[in-house]
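Number of protein chains: 2
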Amino acid sequence: MTEKELVLLFADGDAGARELLGGKGANLAEMTRIGLPVPPGLTITTIACRRFYEEGRRLPEGLAEQLAEKLSVVEKQTGKSFGDAQNPLLVSVRSGAAVSMPGMMDTILNLGLNDETVQGLAANANDERFALDCFRRFIQMFGNVVLKIPHARFEELLAQKRVAVGAQYDYEIKSATLAELIEDYKKLVLQETGVSFPQDPHEQLLMAVHAVLASWQNERAIVYRRIHHIPDDLGTAVNVQAMVFGNLGADCGTGVLFTRNPNTGEAVLYGEYLINAQGEDVVAGIRTPKPIAQLAMEMPDVWAELQAACRLLESHYKEMQDIEFTVEKGRLYILQTRSGKRTAQAAVRIAIEMVDEGLIDRREALRRVDPEQLVQLLHRQVDPQTDSDVVAVGLPASPGAASGQVAFSADEAERLGEAGEKVILVRPETTPDDIHGIVQAQGVLTSRGGMTCHAAIVARGMGKPAVVGCEALEIDLVNGTLRVGERLYRQGDLISIDGTTGRVFDGLVETIEPKLGAEFARLLSWADEEARLEVYANADTPADAEAARRFGAVGIGLCRTEHMFMAQDRLPVVQDMILAANEEERQAALDKLLPMQQGDFEGILRAMAGYPVIIRLLDPPLHEFLPDEMELHKSVWELEKAGDRTALAEKQALLTKVQRMQEANPMMGHRGCRVGIISPEIYEMQARAIFQAVAKLVGEEGLTIKPEVMIPLVGHYRELEATRQVVVRAAKDVQAQTGVKFSYKVGTMIEVPRAALTADEIATYAEFFSFGTNDLTQMTFGFSRDDAEGKFLTHYLMNKILPANPFAELDRNGVGKLMQMALELGRATRPDLSIGICGEHGGDPSSIQFCHEIGLDYVSCSPFRVPVARLAAAQVAISSPR
Amino acid sequence: MTEKELVLLFADGDAGARELLGGKGANLAEMTRIGLPVPPGLTITTIACRRFYEEGRRLPEGLAEQLAEKLSVVEKQTGKSFGDAQNPLLVSVRSGAAVSMPGMMDTILNLGLNDETVQGLAANANDERFALDCFRRFIQMFGNVVLKIPHARFEELLAQKRVAVGAQYDYEIKSATLAELIEDYKKLVLQETGVSFPQDPHEQLLMAVHAVLASWQNERAIVYRRIHHIPDDLGTAVNVQAMVFGNLGADCGTGVLFTRNPNTGEAVLYGEYLINAQGEDVVAGIRTPKPIAQLAMEMPDVWAELQAACRLLESHYKEMQDIEFTVEKGRLYILQTRSGKRTAQAAVRIAIEMVDEGLIDRREALRRVDPEQLVQLLHRQVDPQTDSDVVAVGLPASPGAASGQVAFSADEAERLGEAGEKVILVRPETTPDDIHGIVQAQGVLTSRGGMTCHAAIVARGMGKPAVVGCEALEIDLVNGTLRVGERLYRQGDLISIDGTTGRVFDGLVETIEPKLGAEFARLLSWADEEARLEVYANADTPADAEAARRFGAVGIGLCRTEHMFMAQDRLPVVQDMILAANEEERQAALDKLLPMQQGDFEGILRAMAGYPVIIRLLDPPLHEFLPDEMELHKSVWELEKAGDRTALAEKQALLTKVQRMQEANPMMGHRGCRVGIISPEIYEMQARAIFQAVAKLVGEEGLTIKPEVMIPLVGHYRELEATRQVVVRAAKDVQAQTGVKFSYKVGTMIEVPRAALTADEIATYAEFFSFGTNDLTQMTFGFSRDDAEGKFLTHYLMNKILPANPFAELDRNGVGKLMQMALELGRATRPDLSIGICGEHGGDPSSIQFCHEIGLDYVSCSPFRVPVARLAAAQVAISSPR
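These protein sequence lines map, in sequence, to chains A and B. According to the working numbering, the first sequence is numbered sequentially starting from 13. According to the working numbering, the second sequence is numbered sequentially starting from 13.
Keep in mind that the hints were calculated from the coordinates and are not lab data. Because the structure is a prediction, the values reported are computed rather than measured. Where a beta carbon is used, it is the ideal one built from N, C-alpha and C, also for glycine. Treat the hints with caution; some may be incorrect.
[As the list claims (entries may be wrong)] Over the 12 Å line for every Cβ pair with chain B, so calculated as not near, a few chain A residues:
1. A27
2. A137
3. R299
4. G342
5. A592
6. P639
7. A661
8. E712
9. K753
10. P765
[What the hints assert, rightly or not] Facing chain B, a subset of chain A residues (Cβ under 7 Å, in silico):
11. I239
12. E675
13. N677
14. I690
15. T770
[As the list claims (entries may be wrong)] Take a look, some chain A residues computed to stay more than 12 Å from chain B by CB distance:
16. Q172
17. Y183
18. A191
19. K198
20. H214
21. R232
22. T300
23. S400
24. R495
25. E498
26. M673
27. G681
28. C685
29. Q747
Could you build the full structure based on these sequences and the hints that come with them?
Structure follows, in structure tokens:
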């Protein structure tokens with residue numbers, strides 16, 4: 013098509029034109045092409061959307077004409093005519109961007125109805141009530157989406173009528189009342205907008221297209237794009253499609269389904285339908301729909317046809333599909349297909365089974381699973397032995413267990429979540445306006461909606477536990493209470509949910525480690541075959557090390573030693589060491605610490621026998637181990653008041669020492685190797701403890717032990733040279749004393765910009781580099797993470813000053829450039845230099861991609877992210893040219 | 013010479029062989045070559061010294077033989093013979109490195125004396141007492157330097173004899189007593205070392221050479237090298253020279269002189285001498301010597317010969333010389349010559365006058381003045397109108413005024429100085445062991461010594477004020493008191509000194525700005541002709557700006573706006589702004605601040621009319637303007653005790669706000685453009701204040717104003733893009749409102765590593781870059797300067813972990829590499845980008861050299877360092893290839 017063609021018929025497009033037609037439009041075209049029963053229609057392209065914004069939110073020139081022209085083809089295809097009082101064509105108008113943004117933009121149904129065509133519809137359908145109800149819905153949707161009249165204003169009028177006629181449900185309202193309601197709606201429109209409801213279908217269409225294009229820049233769409241890193245200039249397409257009706261009677265219906273179970277991955281159709289309903293009734297969660305399998309009984313022909321369509325779609329797209337369908341007077345229409353969102357468990361099982369079915373190959377299977385999503389599988393689950401009270405059971409909409417304070421609004425959930433509180437968002441149902449609250453919540457609990465309602469879809473997408481449609485909950489938003497039977501919860505009260513089973517618990521529940529299935533192991537073994545990067549774990553304890561091995565880590569990339577100093581029985585000894593008045597006292601304290609540290613190292617090294625273990629010598633400033641200054645001040649003031657001279661003098665002396673050690677910017681102060689250089693006896697003790705542990709495991713237990721000693725915060729090669737000497741001397745001493753020979757490496761963190769800039773010099777003294785990208789990011793940006801995340805980073809992300817949180821996703825242009833320099837300079841000095849990353853980025857797929865690209869040897873991350881990293885490493889290896 | 017020749021006769025060397033022969037040896041050879049009366053001798057080369065250390069502090073192979081061989085030539089030249097009982101050759105053994113290290117290493121005189129040769133010396137000199145005194149001195153020096161017996165042990169024995177014979181001065185002790193003393197000395201040697209004093213002159217010589225070579229690595233030499241950045245592997249040469257005696261009677265003497273006055277630069281001989289004395293008596297400051305001019309009366313022939321020798325040396329070396337001479341029985345010997353140390357004033361005058369005399373050209377004159385030394389000229393002087401009490405007057409040994417607490421030991425001075433106290437080191441005399449105390453003191457005051465004593469030389473070298481030989485002072489080191497007439501000072505009491513006049517004041521004195529002479533202006537005008545770098549000043553007030561212009565700055569490179577916020581009358585308004593409960597309150601406070609800021613800007617811009625003024629928008633975190641948290645805590649606790657509810661609630665609320673704004677690492681927290689982005693109204697107010705000031709000066713006063721607005725702490729181009737918009741909008745508004753057109757620039761600091769790494773992106777939005785090397789150094793090293801300098805940097809420098817303090821001297825390998833990257837990336841985007849530096853390094857000559865080399869446009873420094881920078885910029889331009 014040419015630049016000037018702004019509108020394309022479904023019949024003229026295909027799945028490849030996704031960028032131009034949006035995902036929905038491309039799939040409608042593709043389905044049309046392969047012969048599926050799709051109501052005819054057309055797509056206004058994303059080019060039109062971009063022009064719309066370029067021209068100041070005006071419909072681009074020529075669009076109206078092209079629209080009219082293509083619409084006339086649709087009229088021919090359907091045999092109906094737009095605005096025809098006898099046989100009116102009605103259409104839906106829906107947005108559809110290249111990237112799926114479910115529920116984020118606007119949709120209008122039943123467009124084309126007016127005071128005349130509604131009569132024609134009634135006559136054709138032989139159902140006046142149906143036609144009036146369509147008109148009523150259309151005015152309401154159009155009024156809300158296009159004319160910006162609050163939804164609630166229409167709902168109020170509807171509710172008045174319900175009350176007036178004593179109806180409990182909308183479908184109990186009769187034609188005459190609906191006709192009155194339509195007049196009330198029209199008055200509302202006139203009153204709110206100053207003009208009458210537009211009767212001309214062409215005018216309706218152009219207004220609707222304008223509104224849908226404008227919805228690309230509505231608040232919630234912007235937020236959604238920010239969260240999902242979708243570019244703002246992509247634009248949306250608009251699909252205009254002939255309406256079919258699922259609400260024309262008992263031989264009608266509508267439904268949504270997945271071609272496989274999106275929770276478990278099982279290869280059976282999974283979904284829900286409603287008889288005599290329009291699509292929005294299913295998605296909005298207002299009526300609780302029936303499981304799809306029941307359709308086999310209710311409409312066996314349609315069921316068979318639907319199954320065939322699903323098979324065709326899967327074999328065509330080679331992917332699990334999420335389908336919307338409508339049955340109009342016994343005839344099946346497919347309204348939409350797209351790749352189905354799924355849980356991690358389902359993603360893994362579907363990928364594996366599709367390989368077994370011959371639909372895709374192993375590499376494609378690896379590509380199919382989002383590494384980030386695997387974290388779901390590793391979520392803790394509710395302990396089956398728990399004796400917590402189950403207060404209610406809802407639908408298990410998104411797996412995993414979560415606990416937190418009850419929050420009744422998205423704003424409140426956001427506020428508490430940002431303040432570091434754990435929150436469960438409790439709502440009757442959620443809407444796209446609640447996204448910001450769901451982001452900050454641990455989990456979501458709703459009293460209404462099915463497995464495919466908004467809350468369920470969004471929570472699954474984010475990997476957060478959700479329980480929906482839990483009808484036992486009585487939520488009173490006005491008074492801020494949640495009543496479940498006898499129990500009453502207010503904001504701040506604790507509850508728990510189990511998204512795997514749908515249970516809701518009182519208070520906090522015990523959770524247990526998840527069990528990983530065989531499919532999971534199979535997928536990751538394929539991943540390891542493809543990956544070039546090795547995956548290590550950060551682990552400080554034997555238990556962590558064991559978890560790391562279980563998740564498939566082939567080394568420890570960062571074993572921090574400071575946590576060993578923090579243990580309750582050791583802290584007093586550590587404090588004695590720090591506050592020692594002289595060399596002897598200090599050495600005495602160190603002598604006490606040595607066997608403790610040695611024991612720690614024995615445990616970890618034994619757990620990792622055969623694999624490298626990188627142990628970082630002490631990193632935090634020593635004052636972190638001392639009592640809090642403010643607390644000491646308080647004690648001093650209190651002792652002054654009490655007049656206890658002896659205690660006062662002692663506390664005062666301690667306070668003075670603590671004050672002397674305070675720092676203006678501890679992050680950049682006396683820590684890391686600076687401590688090891690000023691007080692070499694500390695590093696010496698640690699090195700001895702490591703090597704004594706090694707000598708014991710090698711000598712007495714005959715294990716293969718691969719210790720690597722890592723010096724933190726090196727910025728100048730002389731720092732490494734000096735501390736390295738201490739380590740080497742300790743190793744020689746231990747070897748001489750024990751008579752056990754062992755090999756070891758000495759290396760350094762690259763976490764200070766200067767280390768990266770002078771990596772050629774530093775590599776002279778380092779056998780390995782490990783990028784500490786947490787600190788490297790802090791110093792490269794000049795961001796103190798503690799301060800930035802609370803004070804300005806959120807604003808930066810919201811306002812797109814930064815494209816992403818650099819502490820979550822490696823900043824390639826800045827920090828990444830330093831890493832590349834360090835790598836090139838380091839390898840120039842020492843070609844066999846081993847280089848890895850041990851910052852949190854080591855578990856982030858986008859960062860892992862970068863690590864692969866620049867040529868790192870390994871990434872190291874928390875044990876629970878090891879599977880994520882293994883898969884991400886495989887994906888980047890698959891997609892990179894060899 | 014070949015690698016194997018370790019010893020060279022004076023007659024075989026020249027001034028060019030400085031590295032091999034050391035400064036002293038090369039000059040002795042050169043003087044011998046040009047026919048000056050130099051006692052014959054030989055030099056053991058620095059190669060021998062390096063071998064000495066390579067071979068574990070053993071005299072290198074072949075040295076002894078070569079020494080004996082060359083010594084036999086000296087024997088022939090002198091007609092005396094080493095160890096000959098009748099006509100013994102005596103020699104001095106002195107160290108002499110390529111770089112002058114005055115007094116840092118050891119010297120031994122009169123070597124060759126023993127029980128036999130002392131008789132020959134007595135006979136030849138016809139003076140038994142003289143010979144015995146020489147022997148006594150030799151044993152003492154040898155015993156101290158070679159055998160490491162404390163000097164005091166010998167002095168005790170000497171003092172006993174003085175008391176025993178009732179002598180006040182050593183020269184009153186007669187021969188017989190000296191003979192006894194010699195026996196006492198020998199016993200002391202036997203007792204302390206277990207062996208007898210060595211009688212064999214060859215053995216004496218080898219032992220002395222060993223000791224002098226070893227003295228290269230003594231404590232004070234190591235400290236001196238660290239302070240003066242002298243490489244450790246340079247090594248020292250050793251000069252062995254025939255002794256001549258200034259202490260053979262009234263027709264003998266010894267002296268030191270400068271060929272021009274080292275304080276003022278006046279072209280007259282300047283120095284001191286003593287009749288009947290050895291050189292050490294002058295330098296040690298034990299006897300107070302006579303001014304050199306008196307020699308014209310006392311020894312007219314020698315005076316004439318000395319003047320001729322000085323003229324020859326100056327015309328030969330084309331440099332002011334520092335000479336040691338001895339007169340033996342009426343015959344003049346020149347013992348040493350070297351470039352004379354001088355004050356800045358003298359350096360400037362000498363350089364200028366040597367150009368006028370045709371000795372050197374202008375460029376050479378520019379090279380001759382140490383830019384760092386110019387700071388002396390800019391030192392504040394004692395206000396002539398002061399009414400402070402002058403308690404004593406000593407010799408004006410090093411110019412400038414200083415005040416501080418009395419400290420009686422170098423250790424104490426160091427301790428207090430490091431703690432940030434101002435200290436005057438008060439000593440009877442100083443020795444090389446006191447260096448560390450002088451480094452930390454504001455000034456030095458001694459009761460003994462002349463203008464060339466240790467304290468004077470060292471203080472002048474460091475540019476610190478010093479008053480020496482102030483005999484009115486009674487210093488009691490044991491009791492820690494300084495008595496001057498009626499007054500008594502103890503450690504910690506305040507005194508002041510004026511090193512320009514020699515006055516000592518009670519308490520603190522008023523000081524005034526220095527006046528700069530015509531020579532100074534002439535030299536700097538030559539400098540400006542040569543320099544490529546422009547020199548701007550950092551100035552925050554109109555007074556600073558005027559000083560900057562006076563010192564020749566051609567722009568303001570950094571005008572900080574935060575100090576304007578700190579003024580006493582503004583701080584409450586600033587606090588209102590920060591603590592504002594809502595937008596309106598905040599805007600009201602900003603509206604009050606705007607006219608104040610505008611007034612500041614008018615003053616500075618007017619003072620700099622015609623020159624660029626770079627104004628930096630607010631940089632510090634806002635909490636810096638709030639009350640101290642600890643103080644508030646205290647108030648709260650006190651109000652709690654007092655039970656004052658209303659006041660307590662108010663204070664508590666303030667405390668809560670202050671606490672909420674606290675940061676873990678404020679240096680990397682919510683400051684700089686981060687404040688301007690979160691609170692754009694602040695930057696907007698500042699921009700409006702700047703542009704309203706500009707509009708007024710341009711519109712009403714018709715001045716040429718060149719404002720440049722600088723955004724601090726930018727790390728990502730989006731930060732600059734966003735803040736730039738605010739500035740540009742303010743400029744447009746002001747132009748529209750006032751109808752005055754003006755031009756301006758917007759640029760940024762490059763002070764965050766990421767800014768340097770992404771300078772190509774940032775340059776899109778910046779018309780200039782200014783390197784903020786203080787912060788850039790902090791973040792590149794990960795050093796919080798506040799913490800580093802107090803906690804570990806001193807240790808790093810002492811132990812050579814770092815070669816220099818990176819906050820004083822730009823770190824080329826790390827920070828410098830980032831600067832180079834930023835420059836290349838920035839100019840690639842915007843070839844006409846103006847680039848400068850405004851960190852403290854902008855006034856450091858070594859850093860200025862680097863700035864020139866990488867192609868900066870300007871450096872900006874404090875007004876007082878502008879002359880330093882102008883000269884340094886000229887020097888690097890002269891020495892760089894064009």
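Next item on the list: Could you tell me which of the hints above the structure violates, numbers in ascending order?
Entry: 10, 11, 26, 27, 28
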